[in-house]
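S.K.: So you can see what is in the structure, the chains are spelled out below.
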Amino acid sequence: MIRRRTGLFMAGLLTGAMTLFGATAADAQEKKLKIGVIYDLSGPLAGGGSELHYLGSKIIIDHFIKQGGVEGYKIEAVYADAQSKPDVAINEAVRLVEQEKVDMLLGMFSSAQCVPVAARIDQYKKYLWMTTCISSAVLKDRHFRLAFRPQPSGQQFGEMSVNFINANSKEKFGKDPKDLRVVIIHEDGAYGVDVASGNELAAKKAGLNVVMKEGYAATAPDLSSLVTKIKRARPDVILHTGYNPDITLLLRQARELGLRFQALIGHGAGYGVYSKLKESLGNDVNYFFNVDPISIWLANPAALKPELLPVIKMVGEEYDRAKPDTKIRSAHVGMAASNTYLFMNEILPRAIKQYGGVDGEALRKATLDVDIAQGGTMLGFGAKFEPEAAVMAGQNTRGAPVIVQYVNDEAKVVWPQALAQQPAVLPLPSSSPYAVK
Amino acid sequence: MSEIFDIYLVEALINGVLLGGVLALLALGLNLIFGVIDVVWICYAELIMLGMYSMYYLYSVYHLPFVVAAIISIGGVGVLGVILHVVVIQPLLTAAPINQLLATGGVLAFLQSAATIGFGIDFKNLGIRLPVLEVSEMFISYSRLLAFLVALAGMVALFLFLSRTYVGTAIRAIAQDRQVMPLMGVDSRRIYMITSAVGGSLAGLAACLLVLQYDVHPFIGLTFGPITFMICVMGGLGNMIGGFIAAFLFAEIISVGGLYLDLEWGYVFAFCFFIAMMFIRPQGLLARRS
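Chains as they are written, first to last, in our numbering: chain A, 1 to 437; chain B, 1001 to 1290.
Calculated from the structure, these hints are not laboratory results. Be aware that a few hints might be false.
[Said to hold, decoys possible] A few chain A positions that, by computed beta-carbon distances, are all more than 10 Å from chain B: (1) Ser42; (2) Val94; (3) Glu100; (4) Lys101; (5) Ala119; (6) Asp176; (7) Ala217; (8) Ala220; (9) Lys276; (10) Asp409; (11) Pro427; (12) Pro429; (13) Ser431.
[As the list claims (entries may be wrong)] Derived contacts from chain B toward chain A, CB cut-off under 10 Å, selection only: (14) Glu1011; (15) Gly1016; (16) Val1022; (17) Gly1120; (18) Ile1121; (19) Asp1122; (20) Glu1134; (21) Thr1223; (22) Ile1254; (23) Leu1259.
We treat Cβ as the ideally placed atom computed from N, Cα and C, and that holds for glycine.
Just chain A, same shape as in the assembly:
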């Protein structure tokens, strides 16, 4: 009897030990970083560029999953669709944190989503890596501890286009900057408002003549009265920030109502999806400019770290495989890929090796340690993040956009001068239906 009881006790002990050991071993094997990824896969923003960002991030995440993870941690991604709605983005972010138990969040295309989601996720003390949205309102004076953004800010986008026209004012437009008539129009969300404010501040500083500045709802069914008003302002240059399809609606109605100008500069989002612009506007899109981080396929390979080149090639191949009909590879895919790669390749290994894990604090410390010189990311810029006390806490201080011009189905960098691949065609040639006759 005693022997039987002892036997049962030993068996129980053994089972318990095995369970415990097994669990520990499984834990050791199951070291994992679970990433919640949010982009718009439906709704108007999906086709306006968000789905391309999703593709860019996914290519990189899949690349690291295939490699077996990072520093012993397996990578698992849970994808969520924000449906082009800020409220859905918030709900999905909360669901990913509370139900899916993700360790961190990554993504988001629209600034209108980033602003509320960053505040909500801060309450959960989870790490947030924003690959895309650019509005300064996301970070300015918010002092988030765990929210970071490698992208340049909307203000920088706005300043870049103004600096470009200011520098070309005399030579290309034949006018003093104070005589150059500039119209600023923008969608009225956080993104458009921030870029337009960057435009306006820089224009005032440069002494340009801003004759009109106006916002509009990106979902407005008609923009003809806005076009009439722009005509009345007789602009030399139009600085436009919008998503799609509002961009194509505006430009189509501009053509129909005989709007003329000497240059149009878009600021990312819908202007970054050339194939859609071309499909909707045909050759009318020729000679338009776009401000965005450089396309990773346009960046000068000699100026980049050599180990990035095979990654750029891999991203391009995967992009072509996913979207075989693409005419010009959109900068959007490269942006998300580069920013996701920066996290997976620089921040994550550092957090695991130096700070012992993948919790928010370890990731935060690793992010603040990052100090990458120009040429250290696929987008050509470097990375150094503002600390919590800074006005723009979490912002990459080394991010910078460039200006490309679309000419005959090719996108070429024309500004800043140091990165220019060809001189800008200014003003609009007479072949353009928008050219001043």
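Given chain A, put chain B in place with the hints provided.
M.R.: Chain B only, in chain A's frame:
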């Protein structure tokens, strides 16, 4: 000339008239259906979206001539209207109005999601760029002019159909008294089907014209749906002439308001006007005082 009057104001007024034509066309079918069947198709703009996709595939992918593609699309959306009636509306004809609204709201969500899965999220475009009419420094869009003229023609054709044909007379009779007319030998089921087919076809017609001006994507209905309902309500749900006038009033307020103030103020004024009219004439612009 521009010293005597503001040429841009004239252009804005013309833009308002042309936008009014687009909105009137959208409201026409919805008003017909509500006037006869007494059910609001919340998903009406989504039927237009399907019509626009039909145009895209028939014209751009299968390279049918525009007119042939338009005829097929109009007929196709008409058939969809009948299917919607048979599958969703007919079983709910005697249900509470809120149930009918929820059902057609469900169809709206279903159609948006189905279009996302079936057609993808990319914006599609016919790639047709119609010429522009230039009159004394003013520019008029042919595509909008076309929509305006078709809206006018559609209105007249519908009026003639309802007033000069036997079926039209039966439709008007049913609209006046849904309970009594079946007792007098009118086949209400058949009349409802015909009305749904005509209402659907008008959505198809609107789709053929809108696809010349807008990109099509699964959520294009959100751009037009709310404003179309407001116009129908302001004109008096079911009152086609009231809807027609409301469309032009609404469009002019947006257009002229947007010219002198920010564009968004144009919409604010239009919505304020709508709210004010709901207090002053809750039954619609042309409703008779009881």
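S.K.: Hint by hint, note whether the structure agrees.
M.R.: Status of the hints after comparison with the structure:
| no. | hint | verdict |
| --- | --- | --- |
| 1 | Ser42 | 5 Å, violated |
| 2 | Val94 | 22 Å, holds |
| 3 | Glu100 | 22 Å, holds |
| 4 | Lys101 | 27 Å, holds |
| 5 | Ala119 | 25 Å, holds |
| 6 | Asp176 | 27 Å, holds |
| 7 | Ala217 | 6 Å, violated |
| 8 | Ala220 | 7 Å, violated |
| 9 | Lys276 | 6 Å, violated |
| 10 | Asp409 | 15 Å, holds |
| 11 | Pro427 | 21 Å, holds |
| 12 | Pro429 | 19 Å, holds |
| 13 | Ser431 | 15 Å, holds |
| 14 | Glu1011 | 5 Å, holds |
| 15 | Gly1016 | 8 Å, holds |
| 16 | Val1022 | 8 Å, holds |
| 17 | Gly1120 | 8 Å, holds |
| 18 | Ile1121 | 4 Å, holds |
| 19 | Asp1122 | 5 Å, holds |
| 20 | Glu1134 | 7 Å, holds |
| 21 | Thr1223 | 5 Å, holds |
| 22 | Ile1254 | 7 Å, holds |
| 23 | Leu1259 | 5 Å, holds |
Checked against the numbered hints given earlier, this structure breaks hints 1, 7, 8 and 9; the rest are met.
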